[in-house]
Amino acid sequence: MADDPFVLGGTSFTSRLIMGTGGAPSLDVLERSLVASGTELTTVAMRRVSPGAQGSHGSVLSVLDRLGIRVLPNTAGCFTAGEAVLTARLARDALGTDVVKLEVIADERTLLPDPIELLDAAETLVDDGFTVLPYTNDDPVLARKLEDVGCAAVMPLGSPIGSGLGIRNPHNFQLIVEHARVPVILDAGAGTASDAAFAMELGCAGVMLASAVTRAQEPVLMAEGMRHAVEAGRLAYRAGRIPRRHFAEASSPVDGIARLDPERPAF
Amino acid sequence: MLVVGGGIIGLVTAWRAAQRGFTTALVDPAPGGGAAQVAAGMLAAVTELHHGEQTLLGLNLASARRYPDFVAELTEATGADLGHRQCGTLTVALDADDRAHLRELHALQQRSGLESQWLSGRECRRLEPMLAPGVRGGLRVDGDHQIDPRRLAGALVTACERAGVAFHRTWAERLTVVRDRATGVVTADGTALPAGQVVLAAGSLSGRLAGVPEDVLPPVRPVKGQVLRLAMPERGAPPFLSRTVRAVVRGSHVYLVPRENGELVVGATSEELGWDTTVTAGGVYELLRDAHELVPGITELPLTETRAGLRPGSPDNAPLLGPSGLPGLLLATGHHRNGVLLTPVTGDVMAHVLTTGELPEEARPFSPRRFDAAALTEQPA
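Residue numbers (our numbering), protein chains in the order written: chain A, 12 to 278; chain B, 2 to 382.
Any given hint could be a false lead.
Which residues of chain B face chain A? A partial, calculated answer using Cβ under 10 angstroms [what the hints assert, rightly or not]:
(1) 55
(2) 79
(3) 272
(4) 275
(5) 317
(6) 319
Take a look, some chain A residues computed to stay more than 10 angstroms from chain B by CB distance [stated by the list, open to error]:
(7) 34
(8) 49
(9) 125
(10) 138
(11) 139
(12) 152
(13) 155
(14) 193
(15) 256
(16) 257
(17) 258
(18) 262
Label-pair ranges, simulated between beta-carbon atoms [what the hints assert, rightly or not]:
(19) A:76 / B:130: 47 to 53 angstroms
(20) A:76 / B:300: 41 to 47 angstroms
(21) A:203 / B:70: 43 to 49 angstroms
(22) B:22 / A:97: 45 to 51 angstroms
(23) A:91 / B:121: 39 to 45 angstroms
(24) A:140 / B:123: 57 to 63 angstroms
(25) B:130 / A:119: 44 to 50 angstroms
(26) B:300 / A:15: 34 to 40 angstroms
(27) A:97 / B:307: 23 to 29 angstroms
(28) A:228 / B:116: 17 to 23 angstroms
(29) A:97 / B:130: 43 to 49 angstroms
If you are wondering where the hints come from, they were derived from the structure by calculation, not from laboratory data.
Everything numeric in this text was worked out from a predicted model, so none of it was measured.
In this text, a Cβ means the ideal position worked out from N, Cα and C, and glycines have one as well.
Throw the hints in and build the complete structure from the sequences for me.
So, in structure tokens, the structure goes:
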């Protein structure tokens, strides 16, 4: 929405949906899903896609280039701060961008972030001039520390990567959003459209997802659904929801209502 | 006519063309090489079914049905044993998440009218006792077989030679185009090879032949796959594995293909890394890790070979068959994961196209022109 731009790392976007490319059944489906999602920023795992493949006819990077979607390199698959820093630097050299989505994973079973390595890598990369967008646990304290070391956003997980379990701890999300001075982006866990809408209603600045779309039975339809969900959730957040009440409150006016004459049925 | 590329797709095209009476030449520095030297050779039309790929399923099934006759004919022509093994496939799940995923595949197979049978974990292990005790269930597909792609490639080279195909063992340097028509190729040693029809069947390199107009270049990219070969115990009853066993282990695909000669093929990674064919520690580790989880006993086997090949990936994972936008230039490429399976039908389809100028009914959805239209609608206003 033009009157409500999404500013991330100094760049302004219209779409608040960040997409990932992992898990798509084919390049063609991926391309149509990206178009349907309306995304303007898409992450690419630097360990799975070589920038050397950029020139090859029909590669992931050439599709993004053709669609005019910005590439956000990520450090998926890194287990130590050292690896993540190295991967980010390789991505900067290869793609000419100093924005990086930082992921440092603790183990393969849960794919949860390793908070200590993450903070360490974030600090190093910020000092090195990177715009760092860290994938983090839904921990308000860690989120604050990441912000303190100079991260340009925080990207807490709703639930583990690929699990589709939605936002398991909405209260933590609220705490993170309330205290953050940088954009908070839901990263991981969205399984369907309502998860994305809920994140936006909680005040997230954006939603990042991949599997929910790429592994859906009809990825292109789900991508369109997610686009609407993010927009709907954002509008609802800006509008301000009504307070929850225990009892009903009639929405139709009762003043001046017609009195029915039992002698003369209305219908 | 002239075929550029001597992998199994180029070879089968040349063989079928020569059989139909065409004077046929084939350009490739090493005919019989390419992705078939790495591929496991699963003929898995049913277990490879994916959501949204029902059109491709039709072609895969058509080719699978032709396999027995194709093998018989090629064996007759060359005397070669192709390692065709009608052993069936068992796809298993190791945890509740993967089991749910497999259930979904089973439902899709049933909706598509395919034969597959759901088995409990215990039933799976009765069929294949080397499977890990943790197997939670599986799908038995008795129609998904295997062939040894290296033997297939070798036999196709022999068949081509016997059918009179002229081999030019060098690189095709560039396509010659005269007045908007392909007229042949110039090879790396400068030889001009004129031809009335040129078939571009260069696998993952198909998008790179110089001289092909930009709007006709097939959108084919290399998709790297690392594959391991192990040796099963020679004598010993019962056999280590008696059919192809595969699984999705926490989201990544792994398969074990046991050959009659004792070779066990374990694959495969899927990486978008350009024309890189290095074998990496991580690739080997992940394959062994997942294969070990599936069949713990493999760690005792000798690891005899590690190799990476390049699948010719197309945007929709389906092949590009038939006339391109340039008169005189035909395509037989983009077979991605299914090159070995699609070899028989590709040979027949290309022979039909070369003879009649038109695609047979079954191959119409795979015309390369489907990407022309997409390219047109996507052009920015």
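Results of checking the hints against the structure:
1. Checking residue 55 (chain B) against chain A by beta carbon gives a least distance of about 12 angstroms; that is not within 10 angstroms, so the hint is violated.
2. Interface hint status for residue 79 (chain B): violated, as the beta-carbon distance to the closest one in chain A is roughly 35 angstroms, over 10 angstroms.
3. Annotation: residue 272 (chain B) was flagged as interfacial toward chain A, and the flag holds, the nearest CB pair being 6 angstroms apart, inside 10 angstroms.
4. Given hint, residue 275 (chain B) at the interface with chain A, holds; its Cβ is 3 angstroms from that chain's nearest Cβ, closer than 10 angstroms.
5. Among the interface hints, the one on residue 317 (chain B) holds; its C-beta lies about 4 angstroms from the nearest C-beta in chain A, closer than the 10 angstroms criterion.
6. Of the supplied interface hints, the one on residue 319 (chain B) holds, with its beta-carbon coming within about 8 angstroms of a beta-carbon of chain A, less than 10 angstroms.
7. With a least CB separation of 8 angstroms from chain B, residue 34 (chain A) falls inside the 10 angstroms interface cut-off, contrary to its annotation.
8. Every CB of chain B is more than 10 angstroms from the CB of residue 49 (chain A) (nearest about 15 angstroms), matching its label as outside the interface.
9. With a minimum CB-CB distance of about 18 angstroms to chain B, residue 125 (chain A) clears the 10 angstroms threshold, and the non-interface call stands.
10. For residue 138 (chain A), the non-interface assignment is confirmed: its Cβ lies about 29 angstroms from the closest Cβ of chain B, beyond the 10 angstroms cut-off.
11. Non-interface call for residue 139 (chain A) relative to chain B: holds, since the shortest CB-CB distance, roughly 25 angstroms, exceeds 10 angstroms.
12. Interface exclusion of residue 152 (chain A) from chain B stands, the closest Cβ pair being 30 angstroms apart, more than 10 angstroms.
13. Under the 10 angstroms C-beta cut-off, the non-interface status given to residue 155 (chain A) relative to chain B holds; the minimum distance is some 32 angstroms.
14. Listed as outside the interface, residue 193 (chain A) is consistent with that label: its C-beta sits roughly 31 angstroms from the nearest C-beta of chain B, beyond the 10 angstroms cut-off.
15. Under the 10 angstroms C-beta cut-off, the non-interface status given to residue 256 (chain A) relative to chain B holds; the minimum distance is some 39 angstroms.
16. The Cβ of residue 257 (chain A) sits about 39 angstroms from the closest Cβ of chain B, beyond the 10 angstroms cut-off, so the non-interface label holds.
17. Remark: the non-interface label on residue 258 (chain A) is consistent with the geometry, its nearest Cβ contact in chain B lying 41 angstroms away (cut-off 10 angstroms).
18. Separation of residue 262 (chain A) from chain B is adequate, the least Cβ-Cβ distance of about 41 angstroms exceeding the 10 angstroms criterion.
19. The hint said 47 to 53 angstroms for the Cβ distance between residue 76 (chain A) and residue 130 (chain B), and at roughly 51 angstroms that hint holds.
20. Distance hint check for residue 76 (chain A) and residue 300 (chain B): the Cβ-Cβ separation is about 43 angstroms, which falls inside the suggested range of 41 to 47 angstroms.
21. For the pair residue 203 (chain A) and residue 70 (chain B), the supplied restraint of 43 to 49 angstroms holds, since their beta-carbon distance comes to about 47 angstroms.
22. Here the CB-CB span from residue 22 (chain B) to residue 97 (chain A) is close to 59 angstroms, at odds with the stated 45 to 51 angstroms.
23. For the pair residue 91 (chain A) and residue 121 (chain B), the beta carbons lie near 41 angstroms from each other, so the given range of 39 to 45 angstroms is met.
24. Look at residue 140 (chain A) against residue 123 (chain B): about 58 angstroms separates their beta carbons, and that is inside 57 to 63 angstroms.
25. Checked against the given bound of 44 to 50 angstroms, the beta carbons of residue 130 (chain B) and residue 119 (chain A), roughly 28 angstroms apart, lie outside it.
26. Remark: the range hint 34 to 40 angstroms for residue 300 (chain B) to residue 15 (chain A) is contradicted by a beta-carbon distance near 57 angstroms.
27. For residue 97 (chain A) and residue 307 (chain B), the hinted distance range of 23 to 29 angstroms is satisfied, since their beta carbons lie about 25 angstroms from each other.
28. At about 22 angstroms, the beta-carbon gap between residue 228 (chain A) and residue 116 (chain B) stays in the expected band of 17 to 23 angstroms.
29. For residue 97 (chain A) and residue 130 (chain B), the hinted distance range of 43 to 49 angstroms is satisfied, since their beta carbons lie about 44 angstroms from each other.
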